[in-house]
Every structure is written in C-alpha cells, then in structure tokens.
Amino acid sequence: MAGFAGLWDYTTQVEDGRGHYSFWRKTPSQTTTSGIWFDMSMSPGNPGPQYYAASPLVAQQMKRSTDGGIFHGPNITPDTKYLKRFLVMSAAATGLPMPFILADYLLYYPFIDTGTNDQQDMDNSLTLPRYTDGNGVQMMAVSVAAGSGTSPTFTVSYTNSLGVSGRTSQPQVLNTATANGSIVTSGTGAAASAGCFIGLQDGDTGVRSVESVTFTSGTDVGLFALVLVKPLITSSLLEQTAPCEVECLPHQAQLPRIYDDAFLSLITLPRGSLSGVAFHGEIETIYN
Amino acid sequence: MPGFSSWDDFIQESTANGKNYRQDWNKNFLPTTPAVAGEWFCLARGGGNPGADALFNTGTNLTFNQVIDTTSNASSIPHGGNVAPDYKYLCNASAFSAAATTMPAVLMLVDMIGYTRVTSTTTTTAQSITNTLTTISNFTADASSDICTHSAYALLPYTKVRLTTTTTLPGGLATATDYYVIKVTDTTCQLATSYANAVAGTAINITDAGTGTHSIQTLYPRYTNGKGVKAFMWANNATPLGAGTPNLSFPSYTNETYTAARATPAVLPVGKTAAANGLILYSGTAAAGKYGPFMPFQSGDSGYGSIEQVQISSTYTSGEFSIGYCKPLITLPLTTLGVASEREFMSQIPGGLPRIYDGAALYWLIYNGAATPTNSAFFGHLDFAWG
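Going down the list, the protein sequences come from chains D and L.
Here the first sequence is numbered in the working numbering, starting from 2 and rising by one per residue.
Here the second sequence is numbered in the working numbering, starting from 67 and rising by one per residue.
Treat the hints loosely; a few may be bogus.
[As the list claims (entries may be wrong)] Which stretches of chain L does chain D cover? Using the computed rule of at least three CB atoms under 8 Å from a CB of chain D, they are:
1. 144–158
2. 161–172
3. 432–446
By construction, these hints were calculated from the structure, which means they are not laboratory data.
Every residue, glycine too, gets a C-beta built ideally from N, C-alpha and C.
Based on the sequences and whatever the hints tell you, model everything.
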C-alpha cells in the first residue's frame, strides 16, 4: 500500500532508509525588488538555472530529468514519495526575512509578449505531466525580458481543474520590477496586483491548461513565461543566524507528495536585493 | 467513524488515501480607503486570489441569505469541495505580507454562513429581518423507531427546524411548526417539540411514514443550531456609508438555546461616519462603543440562533452595509513584515483541529495594528485533510 498506515509505518520506512537526502544551493545574480515575488529557478547554483527558453507560446513540460530542479531522489514508482524535511539558510541577512514556497513546476508557456493587445493563443500539444487534472495547480507570470514600467493589464483564458474551458482570470497589472525571474503580477499595494499566483475565476481551484493571454489595457516591451506550478510547502527564512527547517509531518501536519521526475524549486518574497546572496539547504524525502 | 481516531489514522488518510488539499491564497486590502490602526475589516471585497466578492451587496433589504462556497459571486477561499461522510479539518495555515505599514495585524478566518443586506440606513426605528428557512435535506420517517433519515451531514443537535412535504407529513408531525433535532447519527435524528425536550432526548412519537417527499428546513446551512455563530456589520462595497455615528444594535435576537427576545446590551456599538469599503462599522479603539470584530451578546449568550431585528439609532444618510453571520475558525498574528505566521493545528493547540463543513465559505477578517494602505497584499496558504 502506498503511503503510510500510521506513525509506526512512517518511522519504519525512515529507519529502513527508504528515502533520499540531498543538499542544494542557489545564489541569485538578479537584483530583486523588496516585496516582489521572485522565481529562484532562474538563479545560478546547484541545481543550475533554467530560463524558460523554448518556442514562443508552445507548452513545455518541466521535469527534473530534462530541466533540473532540486534533486529529490530517483523515480520510485510503484512506491509513493513524500517530502519529509526541507531546510533553507542564508549566508547573509540581505533580503531577509523572506517567506518562500517550495513548488513542483509542471509546465510553462514561453515568451508571452507584453507589447501587443492581440490575443496570444497557446499551443497545448503537451499537457501537465503531473497533477494532470489541474487541481491545486496555480499560474505565475515570470519575467524573462524586462518591461519599461508602463503597467499594462492582462487576463488569462484557461481550462480549470474540472475541464471547463474559457475560464477568465482576475485582471492582473504588471509591476515595474526589471530583474529576470521577477513575478510580474506581484505587488504590495497596487490595485489589480496579485501575489505570486494569478487570481482565478470565482469558484476555480486549479488550472489544467492555458488557452490564451490578452493584454486588455496598455502594452509594454517585455516578455514573460506563464508557469503552472503546484505549491507544496510554505515557510519563512527569518534571519541569517537561524535556518528555517520544516519537518513536514509535525510542523505542518502534511506530507506533500513528490511525484516521479518532479521539478522542485523555490518562489521567494525577498525584502531587498538577493544579488550575490547564497542560499543553501537540504531536502529529505521518504517513500513507501 | 469519520474524523481521525489517532495520528496513525490521520497519516494514513492524508497520505495513503490522498485525502488532503492545499489552497494558496492572496487577498489585498480594500482598494478604497486605508485602514486606521485599531480597525477591523472584512477582506471579502479585496482583490487577489480568490478575487473580490460581488455577493454581499446584493439581495433584498433585510432578508437573510445563506452562503455556501458555490454561491455565485461568493469568491470564498476554496477548501477542496464536499467530503461527506468524511469530516474535513484545517491542519495548517500561514499568512504573511511584504507591504509596508501593514504590521502588526491579526487575520481571522471565518466561515460565513449567511448575510443580511441593509439598505435602509436612514431608518432609525427597529427593522425586522426576514428569516426564511431553506431545505437542508429530504427525509424519510420510521414509525417503529421515530427516526428520521436524511442526508444533511451538517445538521447539528438541538437545531430548530421546520418540515415541508409534497403530500402528507408522517403522523405526529405538522407543517408550520417548530421542531428541535435529537441527533442520532450524522444522517439520522429524532424530533422534539421543544429545545428542552431535545436536550432531554424526549422524542415525538411518529405514527406512520406519511406520503410524498418530506423536507427538513433550517435557517443556517452549517452550524445549524447557532452555537458559536457570531455576527458583524460591515460596509459591503466601494461606496462608503454616509455621514453619521449611529448606535448599532440587534434589539431582538434569538440565542443559541433558542431563547427569544434577547438584545444587544448597553453600551451599544457606535458606527463610524462615512465607513469605508470593508470596514466593520463599530470597530476601533478610541472611544466607548468601539468593539471588534463581533457584535456583543446579551450576557450569558454565545451564539445567534437567528436575528429578528436590527436598528440604526440615527441616520447614516446614505449607503448600505451587511450583517455577516459567521463561525470564527482560527487567528493568525502577523508581527513582522516578511515573516510568515504559521499554525499547525494537529499538535500546536490540543484538540484544536478546526472542522471545515461541506459548503464552508471561508473569508478573512483583518485587525489592522497599523494604517494599512489600500491594496496591500497579504498571502498565505491553508492545508486541509479529511477522513
């Protein structure tokens, strides 16, 4: 039986070594903006960066085997893998305290142009490689080429987790952050700004695919990738002297599942520029 | 047996059986007017994910409306849908913000079970609220056991109900009559003629099954017996209320034991002049008559079974507000900019796993310890599990 029958079963698998431990490091080169969410998957380190580079508007799956991400152990099907522990620490106080979300990056649509009011239709020849129904899957818009700060507004037409197409996101306004990896809809105090994830239509709980993006008001000169992710855990790195450790079961009463070939990375909310700041961490998974 | 019998059961349900759900949320402070330190706001009409509601300034004046998560334009925070016969719980929650001048703050998660829109804000006499009951489930009756079988998993003990039928109710029961639930299981109950009889377990003798289709009706869709149900008044849309500082009260309400003719006690809450979008009208810290976030009860009461009257002692000159009926679930203190407030409910608070009923409509209320600017963004997540 996949999963764990109880605490005794969980601890038995730990003692039997049915898990994986690895270390990771990310040192952003980008000058991030305080209060603007940032996608650390585009930052140098180990794992190396990825750049959402592929044919414009054509859906691309993200997998650890082909694209990188934090290493969480080999594929273990028919067993099921879970996140046991995750640790983050920083070598500097810059940018802290910093909330973060560990997410499984599933699929992206490259090079969405902020310079046109034409409807930009996506190619969905490829679909979600994991969480295939889209339940709990969120959208984030990640800058890959900086805009000039005109703050246009766009909406996303998508298919929700029930398979209903033609759903329309909340209108989102672009921020003025210029660093690649900035989540362009993120803002601290602007109307129609959002957090790291694009607001969905009332009642929706996830995104299965994106049909189109349309700038409804204004244009700019930048490009962004629309990335579909499944958030796993949330916590905060408070200060340089105190690593943030999440032992998922006792700390969050949850054991997030890690699918085979999951691409794991961090989305962060820095309090300043993370340029040159080294983040180190550990990941420990368990399976049964 | 629903719920979790042990840590082992919880682990098995949430891992092996996959009965878990995570919801990330982002709610922006209201777009119209900054907060004043010490005020409470309802974030239902703030932008974000979910977006702003378009519900609470709709409907007929002075008429109670139920709210469930699928109510059109409710824009409540999703929690994974219905899970009956299982019980769903909130296991873990976080919240944080990087927006300047938002700390300290307290976020309170509530399940909004209904609301009453009040547009007659220039009327200063006590105004009656229409409390129409809604069918919560059909039922069948067994004359040998006096047991009614239904599918209303949220029907709680001692709830006051009424019955309808397409033909003839079971013998011993009548329409247009108040009955009180004696809960047997999640899907079976007996009925009593009074609250006291329900508490005593004195059931009505049902003599036959009746004919046709029978229905049970309640006022609330969840927390049906009113225990722990609070109420607050808030400015429900972008147009502020007019000039005025009236006393706000419920001159007549029924409490959680269905004792009628209860009333908001002195010192009555005082509404803020030109109350802005989302403001809980009487919240604040600077004067008598300032409360937050809930309307005070008459001494000894702990819930609203129903509210019969609302009164504004002096005119607000214009605008409208709503009365929200809710069950508070959790609070998250936000102390420092950029620092997540996290709570894990399995072990941090003994016995503290808040139950999330099917249909729960989840919203955040916020206490502003600072002058929170408009559109300030708050983020977080909620983890749920069921079994």
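To see whether the hints hold, each was checked on the structure:
{"no.": "1", "hint": "144–158", "result": "holds (count 5)"}
{"no.": "2", "hint": "161–172", "result": "holds (count 5)"}
{"no.": "3", "hint": "432–446", "result": "holds (count 7)"}
No hint from the list above goes unmet by this structure.
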